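Terminal number for the sequence shown in our numbering: 220, no gaps in between.
Hints may contain errors.
[What the hints assert, rightly or not] Computed list of lysine-lysine pairs in DSBU-like fashion (alpha-carbon distance at most 30 Å, straight line):
{"#": "1", "residue 1": "K179", "residue 2": "K73"}
{"#": "2", "residue 1": "K179", "residue 2": "K165"}
{"#": "3", "residue 1": "K42", "residue 2": "K174"}
{"#": "4", "residue 1": "K73", "residue 2": "K168"}
{"#": "5", "residue 1": "K138", "residue 2": "K163"}
{"#": "6", "residue 1": "K163", "residue 2": "K128"}
{"#": "7", "residue 1": "K128", "residue 2": "K73"}
{"#": "8", "residue 1": "K168", "residue 2": "K87"}
[As the list claims (entries may be wrong)] Using C-beta positions, here's what the derived DEER-type ranges look like:
{"#": "9", "residue 1": "S86", "residue 2": "E47", "range": "33 to 39 Å"}
{"#": "10", "residue 1": "P46", "residue 2": "K128", "range": "19 to 25 Å"}
{"#": "11", "residue 1": "F43", "residue 2": "T149", "range": "28 to 34 Å"}
Just so you know, the hints here were simulated from the structure itself, not pulled from any lab data.
Computed from a predicted structure; not experimentally measured.
We treat Cβ as the ideally placed atom computed from N, Cα and C, and that holds for glycine.
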Amino acid sequence: MILLSAGCSEREKINSQNGIALSKAMGDTGDEGFDKAINKIKFNFPEDHGPHPGFKTEWWYFTGNLTTKDNKKFGYQFTIFRSALSKTETARNSEWNSNQIYMSHFAVTDISDNEFFFEERFSREGNKLAGAQSAPFKVWLEDWQISETGDGESFGLPDLNIKAKNEKAEINFKLKSVKPAVLGGFGTQPEGESDRKCFVLLFLYQIKNRRKNYFKWKRI
Numbered sequence: 001m002i003l004l005s006a007g008c009s010e011r012e013k014i015n016s017q018n019g020i021a022l023s024k025a026m027g028d029t030g031d032e033g034f035d036k037a038i039n040k041i042k043f044n045f046p047e048d049h050g051p052h053p054g055f056k057t058e059w060w061y062f063t064g065n066l067t068t069k070d071n072k073k074f075g076y077q078f079t080i081f082r083s084a085l086s087k088t089e090t091a092r093n094s095e096w097n098s099n100q101i102y103m104s105h106f107a108v109t110d111i112s113d114n115e116f117f118f119e120e121r122f123s124r125e126g127n128k129l130a131g132a133q134s135a136p137f138k139v140w141l142e143d144w145q146i147s148e149t150g151d152g153e154s155f156g157l158p159d160l161n162i163k164a165k166n167e168k169a170e171i172n173f174k175l176k177s178v179k180p181a182v183l184g185g186f187g188t189q190p191e192g193e194s195d196r197k198c199f200v201l202l203f204l205y206q207i208k209n210r211r212k213n214y215f216k217w218k219r220i
């Protein structure tokens with residue numbers, strides 16, 4: 001079973017001219033002017049699987065457990081985050097200019113052999129290095145991506161392909177929804193008086209996949 005949770009380049013600095021440190025930009029809690037998940041949200045799928053630029057931060061999160069034909073156990077996690085530096089985007093005088101930052105984290109656990117592989121990436125949206133769109137649904141950071149396959153849909157979610165890799169591990173799965181979406185906290189999830197999050201849980205079935213362990217392919 002795969003669980004998807006969707007929430008609403010120099011790597012040291014995103015904007016060398018203004019000196020915006022990456023850690024500060026991604027961790028900044030200032031949300032003045034941005035939309036807030038205060039009231040119950042009415043979702044409209046499949047459009048709401050895509051980005052919501054009015055919110056400062058959102059993410060697309062996948063986690064799952066795998067078992068091979070020879071009964072080896074694996075787990076994986078793959079997330080892409082979007083964070084806005086400002087509510088509105090200024091006019092671009094360069095393809096590199098963007099008010100959006102993307103971060104992605106990818107990990108595979110080889111439970112049977114007690115090994116763990118992970119990697120993370122950061123990029124601004126500029127020059128199409130990263131981005132998110134609703135139609136066709138796609139979220140990406142360089143060659144790591146979540147994308148609509150075009151093969152059909154179930155319960156309002158198109159069939160998806162997710163892929164990410166590092167030097168030691170790779171995932172490349174085709175996923176299909178097997179249950180209707182579940183709205184967490186009736187659409188909003190509070191974590192403090194002024195910090196509320198909305199999220200949607202989707203239950204996905206893995207119908208085609210492959211995994212690379214070091215330089216050796218294994219069919220699952």
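Each hint, compared with the structure:
no., hint, in the structure
1, K179 - K73, "24 Å, holds"
2, K179 - K165, "28 Å, holds"
3, K42 - K174, "28 Å, holds"
4, K73 - K168, "17 Å, holds"
5, K138 - K163, "12 Å, holds"
6, K163 - K128, "18 Å, holds"
7, K128 - K73, "36 Å, violated"
8, K168 - K87, "38 Å, violated"
9, S86 - E47: 33 to 39 Å, "24 Å, violated"
10, P46 - K128: 19 to 25 Å, "22 Å, holds"
11, F43 - T149: 28 to 34 Å, "22 Å, violated"
Violation of the numbered hints given earlier is confined to hints 7, 8, 9, 11; the remaining hints are satisfied by the structure.
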